[in-house]
Amino acid sequence: MVSTFTGRGGPGGGQGVGERENAVMEQELEVGAEPAVPGIRVEGGYKFRLRNLSLYYGERKILEDIELDIPENRITAVIGPSGCGKSSFLRCLNRMNDLVEGSRVEGGVFLDGEDIYRRDCDVTALRRRVGMVFQKPNPFPKTIYENVAFGPRILGVRDRATLDEVVETSLRRAALWDEVKDKLKEPALALSGGQQQRLCIARVLAVEPEVILFDEPCSALDPIATQRIEDLLVELKEKYTIVIVTHNMQQAARASDYTAFFLIERQGDPGRLVEFGETGNLFTNPRDERTERDITGRFG
Amino acid sequence: MENASVLESRSRRFAGKGAALADRLATVAIWFSAMLALALVIGVIAAILWQGLGTALSPSFIFGKPEAMREGGGIWPMVVSSFYLAVLTLSLVLPLGVGAALYLSEFARGGRIVRLVRFGADSLSAVPSVVFGVFGMVVFVIYLGLGYSLMAGALTLTLLNLPTVMRSAEEAVRSVPNSYREAALAMGCSRWEMVKKAVLPVAMPGITTGAILSVGRIVGESAAVVYTVGLFVRKVPWSPFRPAAPMAANIWHMYTEGALVPDWFRVASGEAAFLLLIVLVLNLLARTTAGLVRKKMGYRA
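As given, the protein sequences belong to chains L and D, one line each in that order.
Quick note: the first sequence uses this note's numbering, first residue 3, plus one each step.
Quick note: the second sequence uses this note's numbering, first residue 72, plus one each step.
The hints are simulated quantities; they were obtained by calculation from the structure and are not laboratory data.
Treat the numbers as computed from the prediction; the structure is a model and nothing was measured.
Treat the hints loosely; a few may be bogus.
[Said to hold, decoys possible] Derived pair list, reagent style DSBU-like, types lysine-lysine, alpha-carbon separation capped at 30 Å: (1) L/241 to L/183; (2) D/367 to L/183; (3) D/136 to L/138; (4) L/138 to D/367; (5) L/63 to L/185; (6) D/267 to L/183; (7) L/63 to L/144; (8) D/267 to L/144; (9) D/366 to L/138; (10) D/136 to L/185; (11) L/239 to L/185; (12) D/136 to D/366; (13) D/136 to L/241.
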């Protein structure tokens, strides 16, 4: 099954244009086809399926031949040493890599069976379905209310009552409502780091995504704030598919259902997926000796 | 390794007595030039206020009707001309300058066009304002037939102020953290929605500061308006297509050709003091507004 897709962000890499050179794959891949990693059973379905995914920044190959299926309504952790391309991988799933000048994608990324790098893919619609929470909390310098209402307003919601309702539901789901319900009109930047991060989660929830990508969401937070976010992840997976990049092995072990282990063999090599499996199995009984070496090394 | 050792021996050589003396001399020299600069500024301001403040602060002068032949005239039409001109110019130069800044920093991809626009702006800002004045007179006053008018002056001042407005707006836009752009795009914003909702609001304090400062420059500009707007009017100019007389042009007119008015010196220095006060207030405003807006947004100073 060899085919090449090229996602390209316009001349010099703006957002928006995904270019397809070969369209064989879409027909071949149907929901229910064999999973990329044999031997794993998943109840429910797969949200994302990645085939032969390679990512380039200019001449440099960042990721090579990633084959992976991401289960629906589960938490999938992506772990690996720094520089192995975990964050770049995550940004392939909502095409945020398009913003990197000279970035190029080969292979296919299928969301519910549809290639998100196809030419006519609406990237803004894709990003509404696949929300993202960043490493550093990045609320807008607006009020708490306006931060959560940001997405709905972009979607054209004007009605005050509807907005109020969306803001409240989103803040409740992000476990922030009780702390901020009396100060919705206060600036978001006055909140603590952990609160800001939950506000960012509420902001994403307000556009009703299907998938939420977390890019090391706790790396700037203290242990208590981290714990709250982890608890929140577990609640959120009821409704959403979650992919979380983390450099913290314990966090992956605690909070995720499945884990993908990425590794970069030598300096300058592209990152590769070494092993993917149920989190419990991957940590206690890794199939690949590299996984074992790295994980035990970090736990020890 | 070798480089490091060379550096080390050099720094050791410099650390002798000579270096300490040079350091002290340099400190004194730098302190002296700073104090001199400050003294000059204060001296100029004090001299102007000394001459004219008494006149400038009397309402009958500010709101009074100008006299062409007799003494005791006021400057109200000039005051209105100056602010009218500032509003007209801003309404032209702000959209142009901010638009160009947004294009350069958010939309332009190719390096060549960006370099060309920058080069054009830099060249414009190096041109003396009197040249703009002559250009404005030839093109707007004569060729386009606008005559001596606020509109001709506003168009000329738009050209004159475009580079600085553009630069300050671009700086404001570029200082918006990328994390806001990422957040907006990841929410499914188009590029324009991102700029409108996440970049412009955050850049607004900076853009406002630039705008207030350019009001100061517009109100204070003389050479460019002498050739395009007019030197003296007796009635308040309500139409932008009528001749007017901004304060700066009128001051120049009074000093050079105003001898028909017996108290030309009183009028000119009063007007100069009033203009100076306005520019000072505008600069203070520019310094404080940005901070206030940023505070309201929740940035900790």
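**OP:** Decide if the proposed pair is consistent with the structure: residue 138 of chain L and residue 367 of chain D, CA atoms, cutoff 30 Å inclusive.
**Re:** With Cα atoms ~22 Å apart, residue 138 of chain L and residue 367 of chain D stay inside 30 Å; holds.
Subject >> 30 Å Cα cutoff - pair residue 241 of chain L, residue 183 of chain L >> reply: Within the cut-off at roughly 23 Å; holds.
**OP:** Compare the distance between the alpha carbons of residue 136 of chain D and residue 138 of chain L with 30 Å, and conclude whether the hinted pair is satisfied.
**Re:** 61 Å, violated
Original post:
Does residue 267 of chain D pair with residue 183 of chain L here, judged by a C-alpha cut-off of 30 Å?
Top reply: 28 Å, holds
Original post:
If you draw a straight line from the CA of residue 63 of chain L to the CA of residue 144 of chain L, is it 30 Å or shorter?
Top reply: 39 Å, violated
Subject >> Hinted pair residue 136 of chain D and residue 185 of chain L, Cα distance within 30 Å >> reply: Violated, because 54 Å separates the two Cα atoms, which is more than 30 Å.
Original post:
Has the given pair, residue 136 of chain D with residue 366 of chain D, been kept, meaning a C-alpha gap of at most 30 Å?
Top reply: With a Cα-Cα distance of about 43 Å, the restraint between residue 136 of chain D and residue 366 of chain D is violated, given a limit of 30 Å.
Subject >> Holds or violated: residue 366 of chain D to residue 138 of chain L, with C-alpha atoms at most 30 Å apart >> reply: Holds, at roughly 21 Å.
Subject >> Satisfaction of hint between residue 144 of chain L and residue 267 of chain D, Cα-Cα up to 30 Å >> reply: 14 Å, holds
Original post:
Within a Cα-Cα threshold of 30 Å, do residue 239 of chain L and residue 185 of chain L meet the stated pairing?
Top reply: Answer holds: residue 239 of chain L to residue 185 of chain L is near 28 Å, not above 30 Å.
**OP:** Given the hint that residue 367 of chain D pairs with residue 183 of chain L, test it: the Cα-Cα distance must not exceed 30 Å.
**Re:** Between residue 367 of chain D and residue 183 of chain L the Cα gap is close to 19 Å, so the pair holds against 30 Å.
Original post:
Within 30 Å, alpha carbon to alpha carbon, are residue 63 of chain L and residue 185 of chain L?
Top reply: 47 Å, violated
Checked against the numbered hints above, the structure breaks hints 3, 5, 7, 10, 12 and 13 and satisfies the rest.
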